[in-house]
Structure formats: structure tokens, C-alpha cells
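K.L.:
Protein chains in written order, with the working numbering: chain H, 1 to 330; chain W, 1 to 312; chain E, 1 to 294.
Check each hint, because a few of them may be wrong.
Some chain E residues close to chain W (C-beta under 10 angstroms, calculated; not the full set) [unchecked claim]:
1. TYR51
2. ALA52
3. LEU132
4. ALA137
5. PRO140
6. VAL143
7. LEU149
8. PRO223
9. GLY231
10. PHE234
11. THR258
12. LEU273
13. VAL278
Which bits of chain H does chain E cover? Going by a derived footprint, with three or more residues having C-beta under 8 angstroms, they are [said to hold, decoys possible]:
14. 85-92
15. 117-123
16. 272-278
It is worth saying that the hints were derived from the structure and are not from the lab. Ideal Cβ placement from N, Cα and C applies to all residues, glycine included.
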Amino acid sequence: MSAPLLEAEGLVRRYAMRRGLFGRGVEIAAVDGVSLRIEAGRTLGLVGESGCGKSTTGRLVLGLERPDAGSVRFEGRPMPPPGTAEWRRLRARMQMVFQDPLGALDRRLPIGEQIREPLDIHGLLDPAARQARVFDLLHAVGLREDHAARYPHELSGGQRQRAVLARALATGPSLLVADEPISALDVSIQAQVMNLLADIQARFGIAMLFISHDLRAVRQLSHRIAVMYLGRIVEEGEPDAVLHDPAHPYARALVSAIPHPGRAVRRILLPGDPPNPADRPPGCAFHPRCPAAVARCRAESPALKPRADGRLVACHVAQGEAEAPIRQAA
Amino acid sequence: MVRFLLSRLLRAAVTIVLVVTFAFVVLRLSGDPAQIIMGADAPPEAVDAFRTAWGLDQPVWVQYFHYFGAIASGDLGRSMRDGREAIVLVAERIPATLALTVPALLIKLLLGIPAGIYAALHRNSAVDRALMVAAVAGFTVPSFVLGLLLVLVFAVQLGWLPSGGQESWRHAILPVATLGIGGAAVLARFTRSAMLEVLGQPYIRTASAKGLTWRAVVWSHALPNAAIPTVTIVGFMVGSLIAGAVVVESVFSWPGVGRLMVVAVANRDLAVVQCILLLVAATMVVANLTVDVLYGVLDPRLRTGIRRAGAG
Amino acid sequence: MPEAPLPRPALAAAAPPRRERALPPPLVLAGAVWLVLMLLVALLADAISPYAHTALDLRNRLSPPVFLGGSWLHPLGTDELGRDVLARLIYSIRTSLLIAFGATVIGAVLGTVLGFLAAHFRGAVEHAVLALVDFSASIPMLVFALAVLAFFGNSMVLFVCLLGLHAWERYARIARGLAIAASAQGYAFAVRQLGAGPWRVYLRHVLPNIASTLIVSMTLAFPEIILLESGLSFLGLGVQPPETSLGSMVGYGREYLTRAPWILLSPAVVIVLTTLSVSLLGDWLRDRLDPTLR
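This is chain H alone, in the form it adopts within the complex (with noise of 0.2 angstroms):
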């Protein structure tokens, strides 16, 4: 196998809190553990609820932020610490596609302006060139070459996604990190920005981490699928394997939330609280809301590890160490 783009190993970060009025800064890991890679040209789709830790796994592998523990290598070399002028030039090969568009321009500059901004700090093409790239990136979002005369606010949400979209090509970077890029958008524009990505990803052969809360915005776009919960990696397969025959209890719950027309599934619903990351139980952190938990559970963590059929799962009972309950039909 040729060596990953991409190769995350063993992050962790830790942020410090404080409880209530009186207590004492507690440190939560929202990130805890976690290792992934990224083949050139394929999509990594990262699945979870919010708070699982799945935006900070992608600002930890653009480096945006020094992980605590672990380390990211892009194109085989380590990651440079944030703001020097090495961590500076890699920008030019890695690039984000926010959540909020409106908050990620500056409204105070036109929309071609901010698109050939990334141009004039990494001194790429020569000024005129510029331009003409500018026009082409706007082309190739679907923006029209006016667009570029524009302010932020004078555009409509999925038009703005696709300037910020031109932004983070303009340099032809090898690693697209896509934070929940479709959820602030109106459901009819969602489509457009996810077709626009799946074209844009063909077309210029990018790496993508494409992060969501939605498993079937995450499927039409990955090539693998890694679900997220409290901070790690539950499973990570094939995005038909991963939707279709769900390993670990979590992603058989979260796809079993997803209608299917025509398709009677019981859906499954979780018991107990959502999780919170100041508050992780001991052993598999699922075991609380689990309905397949064992004594093990409670106890002893489970490792993310390949099952016969090359599937990676971290549970106790999906890789047969454990009895499954036999459960009382409700």
C-alpha cells in the first residue's frame, strides 16, 4: 500500500473547563485517542453528534491546533507547529471549508478579492495570472464572473459557500477538511453544495475529510466512514458495509435513524443522556445508552481493531469478546 496523504496517530486533546462556581479547572478530552488516514484523491467521511469531538479531529489534522498527545504527518513528514513560516507554506496544500460561511469572509472585502487572497500570501502566478485564476475558481464553483464585485452580504448562503469553496482551491491544495460544510445552508441549497463537492473532488482529484452530523451526506460523498463517539472512533469501513450492516451499536443506532422510504427498520432509540465529555464513564464510553452492554463494558475500554471482515470496531461484543445479552423482547 502506498504511503497515506494523510496519517493521524493516536490524537488527543485535552481542553480545561471549569465547573460551577467554586470548582476547580477539570481538563475534558474532546479528542481522545484518535487515528486516522487519508489516501490521496479519496474522501474521509467523519460521522457523530456534536460534542463528539469530530470538528476538533479537523482542525488537529490541518494543524490548526497542536494535539496533546499523538501526531499528524502530511505527505510523510510530521506537522510543523502552528504559525511558523513551515506550518505557513503548508497551508497552500491544505485548506477548510467552514460551517458558517458568512463568518469565515471578511464582509468588509469583495468576494474576488478574498478568493485571490490566498494567491498573494503564498506569492503564487504572477499578479495578473491572478485574475484570470480568480475568474476560472469562480467558474468552477459556479459562481459567475461578476460574483467577484460582490460583497459577502450580497449574496445568497449556498452562494457563499461556494466563494469560500473557490477560496480553499485557489491554491490546488491536496487535503480539503470539510466542517459540517452543508448544515448552515437552506436544505435546497444543501444538494447543490454537496454535488459541487463531489464534482469539484473528482474533477481536481482532492483529498477530503468531510465532516458531518449526517450519515447520508456523509455516505454519498466518502469512500470510507468513521464514526465518532465521546472523542474516538467507535468503526470505520466501507460506506455501504458501514450503512447497510452497522457493527457497533452506535452506528447501528445512528443509521437506523435514518429514514428509509419504503423500508420498515425499527429505529432504534437510545436511552439515557446524550454524552458529555466532562463526564465519561469508565470502560467503553457507550455502555451507559448501550443496549448490547456487558459487564466487560463497564470495565475495560475497547480497542478500535480489525474484524475478519476488515471492518474496524471498537466493542467488545461486535468482535465476539464478549456474550451478547440475551435481551427480553420490550
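For this one, chain H is given, so just place chains W and E on it according to the hints.
P.N.:
Just chains W and E now, kept in the frame of chain H:
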């Protein structure tokens, strides 16, 4: 709460250290401190003695610690005018200044706060508009102009009151009025906007929707909450009890700390200037610390957060 | 259908609720006119002044202004040395406005730079800046300025720089708060991850975005600096002769309060009208541009 108090105390201490450091650095930069503090015509042996006493022949960082020690023991040098200890000279003037600033503070509180509350409760009424125009005027008329205007009317034209000096309580009327009127205007304006902000909050609507009388809503909900921001500016006014009368004391030839400061600056009597600087800063830091603690008592939310951090 | 109530939002948008001041715009307009007049006077001082501000007319000492029965030779009267009050007033306006303008710009630049530094480096730098903010809050500006003038003596450059320290902490707080907010997830974060260096992030992106807030703060600080300057000059510790400013005119005129009140009345009126105008304009701008600022 202990943690909160400790962090505030630490901040106050850091500020005092900064002020002393500032005085130290400025004194060093302005020339030979011994000569400056002792005065140009001081006998050389006195200057030498001062040098040894203050350790000026030692490295700068040693001097720096000595300087702290000297200040802690109240040794702030002598006035170059009459050779008396600066700290005594300044202390003598404090009662005269307080005789102006304390009554003025009372006027500010008793006029400004009720006026601000009234204006907020009767928003856009004729009284509100008149009060706010008066407040803007009181805020933009410098105290020396107001003071001279009062002198022109009440001392020169009408001859009712003396124009300067400190012989009787009647001499204090014009300076106290000058200080009080301007401050009351500022306070009224501030109280009004604090009140209006509180009155616009949802909990006020909730309280009146619960069936409480408007009077009860104002007394038990609006006023305590509007008091929180108002405490800051009142604390600032208390903190400037010593320094707040510099200009007015000069206008009315009132022999207080402010007048002493102006004369000392004009004569470059640095020991006195430095003493007043430290005194003023200490007063202000204590007032700020008190405000911080009061904040903690009045508004428990602020105990944990960084109060000034995002509040630009 | 014609009976249906009209939708209200359009009306509400046409007349936004005045938040703070009940003073009507005509006053603001009058203030703006006055300020333009003052600016013209300051710019054209040499052309419109009837005399040099130091020229003596010893035969006409303490001559009253026209409206008190004086002659048109000296429309606003003369002072104890027979210097023309109008001429002195014109040059004083120029000096005071120049000083206040320079000091305002110095304070804004200094405060904004320190605020950006605090936001960019966080940690120790941020604590140092916040300690300086506490420091400047612990000494009233007037006393601070007096102390520095005592230690270093008076010079015009030092004086302007000193006044420039007024209100720097406000800009620092604004710049720091808004820059941190923009870096956390907003446009500044986006530009940073494009590979932009700090200069580009702060000068090209953050600064233009917070400029309106800073400008409002400047219009609020400007009258305060005029008051500070005139107060210090009144005490004889600010602008030194032969230069003259509005405050020093009042200070010198004070000795002739009973015999020649016109010497100090005209500069006093100009001070009040100018600070009033800038304050009105600043408050109005604040309500229009930035209601979050107090």
C-alpha cells in the same frame, strides 16, 4: 469567594507595584534623584547622606528594592522648598481637600442618582429631556469654566460669596457647588442608562406580569440590578476624593492637596509630586478593590468570570 | 382584505427606536456645522486672523468687545497687553484642535496595537497589557500628566504624547475583545488558516472590521482630551507662552475676571461649544454605528 478575593487582592498589589515602579523609573530618567529630591541648593553632604541612605551607589535592582522599603516605611523624601518631609506636607493638606470633595460627593449622590432614576422611569418626558440636556452640558463644561462662571455671578456681580480662600464655611460653597454640579450630571446620565438597560430586561417584564405593582418591580428588581454598574462609577468618584479637586482648588485658591500638587509641579518639587502620586494611586486602588468586592457581593455571576475580559 | 392590518416591520425599520438620547438630530447637525467652522478656523488661521496673536497694541489695552461698547478695531476686545482677543482665539483654536487631534490619534494607535498584541500572543503579553490597563485606571489622567510634566519638564511633543495616553485602554479593550472573537472562529481564523501572517490578518482584515467601533471611541475621547488639555493649560502647566491655547487663554484671563471678563469668556464659550458638538456627534454616531458600545 476566597479565591475571588485573593485574585482581586493580587491585582491590586500588582497595580501598586506598577505605580511604584513607574515612580522609580521616572525619577531615574529625570536626572540624579538625590539632587532632585534634595533640591539643587542642598548641601553636598546632605545629598551624599541621602545617596547612602537610599543606596543610590548600589546597582539599580538593589536600589529598586530599597525604594520599595523606603516607601513602605513612609520615607518619601523632603520638599525642596522648606525642607519638611513630603509626606507630612501632603498629609496636612488632606483635610482641606476632603472638606471640598466629601460634601461634593454627597451632592453628586443625592442629586445625580435620584435624577437619573427619575429620568429613566419617565423616559422622554420633558423632565427627562431637560435633565439629559443639563447632564450633557454639565459633562462638557470644564470645571474651571463653571467655577469662574460661579465666581463671576455670585462673587463679582452679586457679591454674596467670597471668590477664594479658606477662611470660613462660606468660602467652601462655590468650590463644592462646582465639583458637585458637574459630577451629579455625569452620575445622572450614567444611572439613567443603567436603569434603562435593566428596565428593558425580560425579568422586569416577567416581574410585572406576575402581578407585582410597578413600584414593587422598580424597588425590588430594577434598582438592585441597576446598582451594579452604578457602583463602578461611584467607586471611581470615591477613589478620586483626593485627586478630584486639582483644578477647582486652583480656581478658588483652596489650600488642598490639588493646589499643593500644582504648585509642586510648577516648582518641580519632585518629592512632593511623587508622594501625591503614590497617595492618589493607593486611594484609587483601594476604591477599585472595594468596588470589585462589592461586585462579587451584588452579582454572584461575576465571581467566576473574567469581568473585564470581553466587556469591551 | 383592505381592512386587514398593514404589516408593521416596514414602519419599524423606517423609524428605529432611539435608544439613548432624546435630543433631536437638528442639534447634532448644529454641532457638525460648528465643528466644520472650527476646522476651517484652524486651517485658515493665518489667513483670517486680523493680527498676529502676539502683536501688542499698547494704546488699546483691556479694550472691551464691540457688544460691550468697544470699537471694531478689536471686535472681541484686547487683553492686558493690548493683544487682540479674536486673533488669540483663532490661534488658540488651531493649537487646541491640533493637540487634541494628535493626542486622539496617538491614543487610538497605541491602544489598538496593544490590544492586538494581547489578542495575538495571549498568555504573558495579555496579562502585561491588562496590568497596564489596571495601572492607568489607578491614576486619574490629570494627576498622571501633572506628575510626568513635573519630572520631565514641559515640551509640546511630550505634552501631546501624554494626552495621547488618555483613553488608550478603551481602544486596547475593544481591539483585544474583537480580535479574539474574530480569531476564535470568524474571518480572522479563516484567513489565518489560509496561511496569512499576523500583519495581514490584523491590518488587512481585523482593523477594517473594527474601524467603525474605534472611530466612535475616538469621537468620544476627543472632547475629553480637549477638556484635559484646556485644564492643564489653565493651570499653566500645558501649552506654554508664546503659544496659546483655549485653556491657557482662560487661565491668563482669570486674573482680569472682574475688569475684563471678555478675555476668558470667548475661549470658554468655544471650549464648551466644541466639546458639546463632538459629544453630540459621537453619541449620535455610537447609536447609529455601534449600539453595543457604552
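K.L.:
It remains to establish, for every hint, whether it holds in the given structure.
P.N.:
Hints, one by one, checked against the model:
{"no.": "1", "hint": "TYR51", "result": "violated, 25 angstroms"}
{"no.": "2", "hint": "ALA52", "result": "violated, 26 angstroms"}
{"no.": "3", "hint": "LEU132", "result": "holds, 8 angstroms"}
{"no.": "4", "hint": "ALA137", "result": "holds, 7 angstroms"}
{"no.": "5", "hint": "PRO140", "result": "holds, 5 angstroms"}
{"no.": "6", "hint": "VAL143", "result": "holds, 5 angstroms"}
{"no.": "7", "hint": "LEU149", "result": "holds, 6 angstroms"}
{"no.": "8", "hint": "PRO223", "result": "holds, 6 angstroms"}
{"no.": "9", "hint": "GLY231", "result": "holds, 5 angstroms"}
{"no.": "10", "hint": "PHE234", "result": "holds, 5 angstroms"}
{"no.": "11", "hint": "THR258", "result": "holds, 5 angstroms"}
{"no.": "12", "hint": "LEU273", "result": "holds, 9 angstroms"}
{"no.": "13", "hint": "VAL278", "result": "holds, 9 angstroms"}
{"no.": "14", "hint": "85-92", "result": "holds (count 5)"}
{"no.": "15", "hint": "117-123", "result": "holds (count 4)"}
{"no.": "16", "hint": "272-278", "result": "violated (count 0)"}
The structure fails to meet hints 1, 2 and 16 from the earlier list, while all remaining hints are met.
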